[in-house]
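Heads up: the sequence lines are chains A and B, in that order.
Counting in the numbering used here, the final residue of the first sequence is number 259, and the numbers go up one at a time with none missing.
Counting in the numbering used here, the final residue of the second sequence is number 708, and the numbers go up one at a time with none missing.
Hints were generated in silico from the structure; no laboratory data involved.
Just so we're clear, the structure is a prediction, and the values are computed from it rather than from any experiment.
Certain hints may be false.
[To be verified] Label-pair ranges, simulated between beta-carbon atoms:
#, chain 1, residue 1, chain 2, residue 2, range
1, A, Leu137, B, Val546, 57 to 63 Å
2, A, Leu87, B, Val370, 34 to 40 Å
3, B, Pro209, A, Leu87, 31 to 37 Å
4, B, Asp123, A, Arg222, 54 to 60 Å
5, A, Glu142, B, Phe18, 56 to 62 Å
6, B, Val580, A, Val221, 37 to 43 Å
For glycine and all other residues, C-beta sits at the position ideal for the given N, C-alpha and C.
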Amino acid sequence: MSAPTGQSLHPGLNLGEEHGDDHLEAETSVFGFWVFMMSDLVTFGMFFAVFATTVPLACCPGPKELFDFGSIAWQTAFLLLSSVTSGMAVLTMKQEHGGRGACTKKLVFWLLLTVLLGCGFLYREISDFISMATAGGPPTRSGYLSALWSLVGLHGLHVTGGIIWCLVIVVGVLVRGVDRRWKLALLRWAVFWHFLDVVWIFIFSFVFLGGLL
Amino acid sequence: MFEALFGRLTWDSIILVQEFEDPNLNTFITAGAAAMLPVGGALVVALLFWMKWWKPLFEWLTSVDHKKIGTMYIIFAVIMLFRGVVEGILMRVNQAVGLNGGFLSSDHFNQLFTTHGTNMIFFVAMPFLIGLINIVVPLQIGARDVAFPKLNQISLGLTAVGGFLIMISLLVGEFSTGGWTGYPSFTGRLINPGVGPDYYILSIGIAGLGSTLTGVNFAVTIYKMRTAGMSFMRMPLFTWTALCTSILLIFAMPPLTACCLMLGLDRYLGFHFFTNDMGGNLMNYINLFWMFGHPEVYILILPAFGVMSEIAATFSGKRLYGYVGLVAATMCIAVLSFMVWLHHFFTMGQSTTVNAAFGIATLLIAIPTGVKIYDWLATLWGGRVRFTTPMLYLCGFFVLFAIGGLSGVILANPTLDYQLHNSLFLVAHFHNVIIPGTLFGVLAGIYYWFPKIYGFRLLDGYSRITAFLWAFGFILAFLPLYQVGMMGMTRRTVAYENPALVPWMVVSGIGALFLGLAFTFVLLTLWRSVVNRKKLMVPFGDPWDGRTLEWWTPAPTPEWNFAVLPKVDGRDAFTEAKAKGTAYQPIEKYEDIEMPANTYYGLIIAALGSGLGFGLVWYMWWLAIICFLGCIVTVITYAFLPERKKIISAAEVREIDEAWRRAARESRGVTRDDECNEANQGLARPDIITNP
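Taking the hints into account, I'd like the entire structure generated from these sequences.
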């Protein structure tokens, strides 16, 4: 449903006048997704809150034994960089797909690069989980470990979902072209992907840095 | 092999089998309830074949029309209300004869209060209100549909999954015995390893996800889909309360999702979020649950306040008094609702300072609520009040809800709460706000908007009797509980030993029977009205001399709602148009209308979600995995399927709309004296001098 004309559109939500009706359509669709993200943020907030109330128990290894700071630095680098590449993808779409028939190769390149970086993040995160489990820190050992695993794991699941979503978009634009549906999907996915970055910054600061310092 | 296929589901899990193994009154009741499912299901299927209703059924189930989805929510809620009322009657009757033990086993009684609470909150009150919001909000803001029609269908599907799980637990296995709040560690794996808490987590977790999506959908609808000129301060008050409810759903459902997930991880994978050992902390659950649970209370009451506002204005023929104050009060309540959750557990070990802070915050809520009540009273003041059925509910609400609110003020004081918490005083309090508040609001709203959507009024006499029965039954059933609560009787107790309580419990049990009668009258009203619908038709669509946009359409409202989207230049736009005599003037130009086509999306998600939930409850991992992957595949598939639209041609719209307008111009309409007579065709003669 298009927004009534004359109503001011929110900057950052839409595509630009040259995208015609898609521009108006983005208003409702992307705004809706922002609202959903707010809701998701509360879910993360709850996991953060529970994590904040737990303390490492003497029985099991604590942050110093479990966290591999080098690996976490890599994960952070992968994810932040992937946010840049996802931004490039959206800019490409906004600037080059206003009309019809623009080349989708560049768009797909940035998207696949983002997927690659996301997979790099997941690879390091999963290896960290495995080494934590083998070092005597599986989530079933203590309340602290449960909260840690589920907070970081919830973020990891979101990243997995984001990667699958991105791949679907890649297939979509290759099969169907960069039409309204995939433009809007891309805009929403970009909000999602940046959101995961923000959440990661909090996890990095409070869970990992906070645990090590 | 058997275990891989059926998980922990065995022959003995089926309730009907247990009846044969150990026959007594208690198992007879459980078996009777369990038998309702297959028998009821078979009857429904037989009816569908007999009436050849399969095609219309699927027409409805695949519809994305907000009015049909709203109707399905309400039908669902009525079915669940039947179960909830029967459970309530069983418990109250058991207490009435329960000195030194009634006829129910304690485990059965525990399941009853758990399902009664869970069911009434999540599968009766919420679907009722979300159904009303679905039906009314797009009409009130002058829109043709909601922002995301398919998402709306999915929300309904997910709610139905929750309902399916709580219903199937009647037949297979058992439900949780931990109360509707499901506190661990009682619902933890160590103490309660059975399927009950798993049914509980999954039913409210999945339904909660649907509610979150509903919140998103309606917030966006109200923000983005308003018709030209419908600024925020021109929105009808029901839409305002729907907006606040949506915001509450967006922010309050995630804590529920989070605590269900965590309890699930504890139970399924042996995590230590809420266990007693290894650094688990059950207070975290209680905090998370009530961070959802308190705003939930206002999710339940705010739309009812909205209905009351519409009714007060319409049935006194007067502009709503204190509109700005009512909007501000609604917003205040919505914000404050997030700051008071701790009053649900004053006794659980916080310092007095913390208790005092939350006690004061709770008392503050009484201020905006008081503002509202005075605004409604002032709306009636000097108006030409017609004592129609909704007005009866409003009057009942004024008196009874005020009592409930005041008992809430008593409980908000931590020192008094130490005496009264976990007693039947509390049970009396929350029934006293939910029945005269939410339920009266919903029933009044259904009576009020029913002719709009289905084209005929509900029979007046039956509706009035129903209203009196609800009020009378409520007074008998719950006011005595205040007294026994103060005498020290705790809630959730199957038996008691103090004979002084007996007379009160007997009165309460009789009241519960009256509530059952009231529910019967709801169905009876509906049935008699459907039978007599020819006499009750209101084709012009404005039977109550309405003030807001939803009355500016024929009844039943066509699928596209408005032939041409109305332009608004004030509050109560329809009343103004009627006063100026411009309401039914011909329209020059009609355009093709594009509506979303039917889709199986929601139905598929509901089926797969049910399989996922059932598989997880019974450890049938293959089923859970298949259904989960199925959900993902469905979502991806629908991302590729072309968007199908129905086009309704301008000519067709013109034909219907012009006929309606012409007939309305040529008819005289009825005065308010004939409002509840057969003469009422849904066209209001402007006989009341309104003060615009």
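For this session: Return holds or violated for the Cβ distance of A/Glu142 and B/Phe18 against the range 56 to 62 Å.
Result: 60 Å, holds
For this session: Using the beta carbons of B/Asp123 and A/Arg222, state whether their distance is inside 54 to 60 Å or not.
Result: Holds, at about 57 Å.
Problem set entry | Cβ distance range 34 to 40 Å for A/Leu87 and B/Val370, holds or violated | For A/Leu87 and B/Val370 the Cβ distance comes to about 26 Å; the hint is violated.
Exercise. Range hint 37 to 43 Å: satisfied by the CB atoms of B/Val580 and A/Val221?
Worked result: Given range 37 to 43 Å: holds, Cβ gap about 38 Å.
Exercise. Between B/Pro209 and A/Leu87, does the beta-carbon spacing fit 31 to 37 Å?
Worked result: 34 Å, holds
Problem set entry | Range hint compliance [Cβ, A/Leu137 to B/Val546, 57 to 63 Å] | 59 Å, holds
In this structure, the one hint that does not hold is number 2.
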